[in-house]
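Undergrad: One letter stands for each residue in the lines below.
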Amino acid sequence: MKIRGYVRNDGKVGIRNHVAVISTVHCSSAVAEKIADSVNAVPITHFYGCGQAPADQAMTRRILLGMANHPNVAAVLVVGLGCEQLSAEELGTNVKAKPVRWFNIQDAGGTSQSVQKGVELALELIQYASGIRRQEAELGDLTVGLICGGSDANSGLAANPVLGVATDLWVAEGGSALQCEIGPGIDHIIGRRAANEAVRRQLYDFLDKGWEKTKRSGLSLGELNPTPGNIEGGLTTLIEKQIGGLMKGGTSPVQGLIDRGESPHGKGLWFTEASSGTTDVFRVSDLSAAGAQIIAFTTGRGSPVGSPVSPVVKITGTRNTFCTMRDNIDFNANGVLTGEETLEQSGRRLHEEMIAVANGKLTRNEILGHREFALARR
Amino acid sequence: MIQRQNAMLLNPADNVATALEEISSGADVVAGPYTLVAMDTIPLGHKVALADIPVGKGVIKYGEIIGLCKTFIAKGQHVHRHNVEHRVDEMIFKLREEARP
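Same order as they appear, the protein sequences are chains H and C. Just so we're aligned, residue 1 is where the first sequence starts under the working numbering, counting upward by one. Just so we're aligned, residue 1001 is where the second sequence starts under the working numbering, counting upward by one.
FYI, nobody ran anything at the bench for these hints, they're computed from the structure. No experiment lies behind these values; they were computed from the predicted model shown. Wrong hints could be hidden among the right ones.
[Said to hold, decoys possible] Here are the simulated DSS-like pairs of lysine-lysine, each with C-alpha atoms no more than 27 angstroms apart in a straight line:
1. Lys-2/H - Lys-215/H
2. Lys-1094/C - Lys-213/H
3. Lys-1070/C - Lys-1057/C
4. Lys-34/H - Lys-117/H
5. Lys-1057/C - Lys-1094/C
6. Lys-1075/C - Lys-1057/C
7. Lys-1075/C - Lys-215/H
8. Lys-96/H - Lys-267/H
9. Lys-2/H - Lys-361/H
10. Lys-209/H - Lys-1094/C
11. Lys-1094/C - Lys-2/H
12. Lys-96/H - Lys-34/H
[Stated by the list, open to error] Quick list of simulated restraints, FRET-style, between CB atoms:
13. Pro-1033/C - Arg-348/H: 51 to 61 angstroms
14. Ser-217/H - Leu-1044/C: 29 to 39 angstroms
15. Lys-209/H - Lys-1094/C: 36 to 46 angstroms
[Stated by the list, open to error] Quick partial rundown of chain H residues pointing at chain C, CB under 10 angstroms, derived from the structure:
16. Gly-156
17. Pro-184
18. Asn-196
19. Glu-197
20. Arg-200
21. Leu-221
22. Gly-222
23. Glu-223
24. Thr-236
25. Lys-241
26. Met-247
27. Thr-342
28. Leu-362
Note that beta-carbon positions come from the ideal geometry of N, C-alpha and C, so glycine has one too.
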């Protein structure tokens, strides 16, 4: 299927055309935000970038570079302090296939002069970006990130199964999908879904870590889950609870498991280690950093969370949430519960909505300026 | 008269449906192509059996076995911890060794 996107110099396809202002370190974040606000660029700021253990430092570097090299980003301005662990030069020289500028606050001579310098640089980048036009591209060049947050009983009944249908359609068009929140308890179902024996073993090794973690607490996972609240809500077994979340990925074979912030190695459905043990902002950020041009986010209670670079399509199966959190919800999947739509019909309608977003239709998080970002740590 | 759906069938292979509202004992359960009478009161979000499920057989939701029946479940009955074995760890480990891509 054809879409209209921004084709970058390396052939990657973006569906937005942002200029990103990235801070290397917490100390340069305020200046980066002032610059971004002055010129309507997107700020990507955080609490880290210095004094980190090597593993955390490597993660900071990967996630920030993932954001900078994101296909939805047309150009990048990196704002450093000057004495931090992850230098502006280190980040800037690793941004590929797009214009990038960088400078340090200590070299520019403090806040005022840094903001002035940054605004001048960002102006040029924004003018450059504004000259890029959408052109014909393939849906198959896009990756959708799959996440759920603020789940309720309808997440597993409506929103996730509907997204699963849409994900199957996306993958059938040749696109990639990246699913998070993979955990133990449905190992056999995940194992059957593996594309081959090597992937099955890789997935089991990952799931084993989850089993061992619970075992150390002296209890079996099947006794800890579902929780008393889940049981009161009607969930009977661990398997039942876990399948509800897995549904959002549809039925495609799993091509492999990749690390947080790592991009899929090819087409099809991939799992990422980005886990549910973090806030939704971390997982959305991980999916963005992995290069997901669009994120599909199922929610029961409703969530305002967005991303600086990727439009986030919010899907709920709960009618009340669609009404009370209308500002923040893009898609109502409640019709599958009332019988107004089948899962297949609702999934097709969601697929069409995702294509519209790929072609430029704004999501509610974009309109409202929700650009949350958080850096993962090991 | 076409009755409004009050329970969700997720997969054609399922032998349970999930109540979308509290269904009183004796009331009709309507889930996809199924219409049956509730033998128990089914709370919102809880499961109702669409067919008899013998002891040792799988309770199927999402087209997957979510647990094994531990006391006979009749069509229309409430399906939960009292009649489904919830300790599934061993079953998962057995099944996962048999699972093939």
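Undergrad: Next step is simple, just say for each hint if it's right about the structure.
TA: Status of each hint after checking the structure:
no.	hint	result
1	Lys-2/H - Lys-215/H	violated (49 angstroms)
2	Lys-1094/C - Lys-213/H	holds (20 angstroms)
3	Lys-1070/C - Lys-1057/C	holds (8 angstroms)
4	Lys-34/H - Lys-117/H	holds (12 angstroms)
5	Lys-1057/C - Lys-1094/C	holds (16 angstroms)
6	Lys-1075/C - Lys-1057/C	holds (14 angstroms)
7	Lys-1075/C - Lys-215/H	violated (37 angstroms)
8	Lys-96/H - Lys-267/H	holds (22 angstroms)
9	Lys-2/H - Lys-361/H	holds (16 angstroms)
10	Lys-209/H - Lys-1094/C	holds (18 angstroms)
11	Lys-1094/C - Lys-2/H	violated (45 angstroms)
12	Lys-96/H - Lys-34/H	holds (25 angstroms)
13	Pro-1033/C - Arg-348/H: 51 to 61 angstroms	violated (21 angstroms)
14	Ser-217/H - Leu-1044/C: 29 to 39 angstroms	holds (31 angstroms)
15	Lys-209/H - Lys-1094/C: 36 to 46 angstroms	violated (20 angstroms)
16	Gly-156	holds (8 angstroms)
17	Pro-184	holds (8 angstroms)
18	Asn-196	holds (5 angstroms)
19	Glu-197	holds (6 angstroms)
20	Arg-200	holds (5 angstroms)
21	Leu-221	holds (6 angstroms)
22	Gly-222	holds (4 angstroms)
23	Glu-223	holds (7 angstroms)
24	Thr-236	holds (5 angstroms)
25	Lys-241	holds (9 angstroms)
26	Met-247	holds (7 angstroms)
27	Thr-342	holds (9 angstroms)
28	Leu-362	violated (32 angstroms)
The earlier numbered hints that this structure contradicts are 1, 7, 11, 13, 15, 28.
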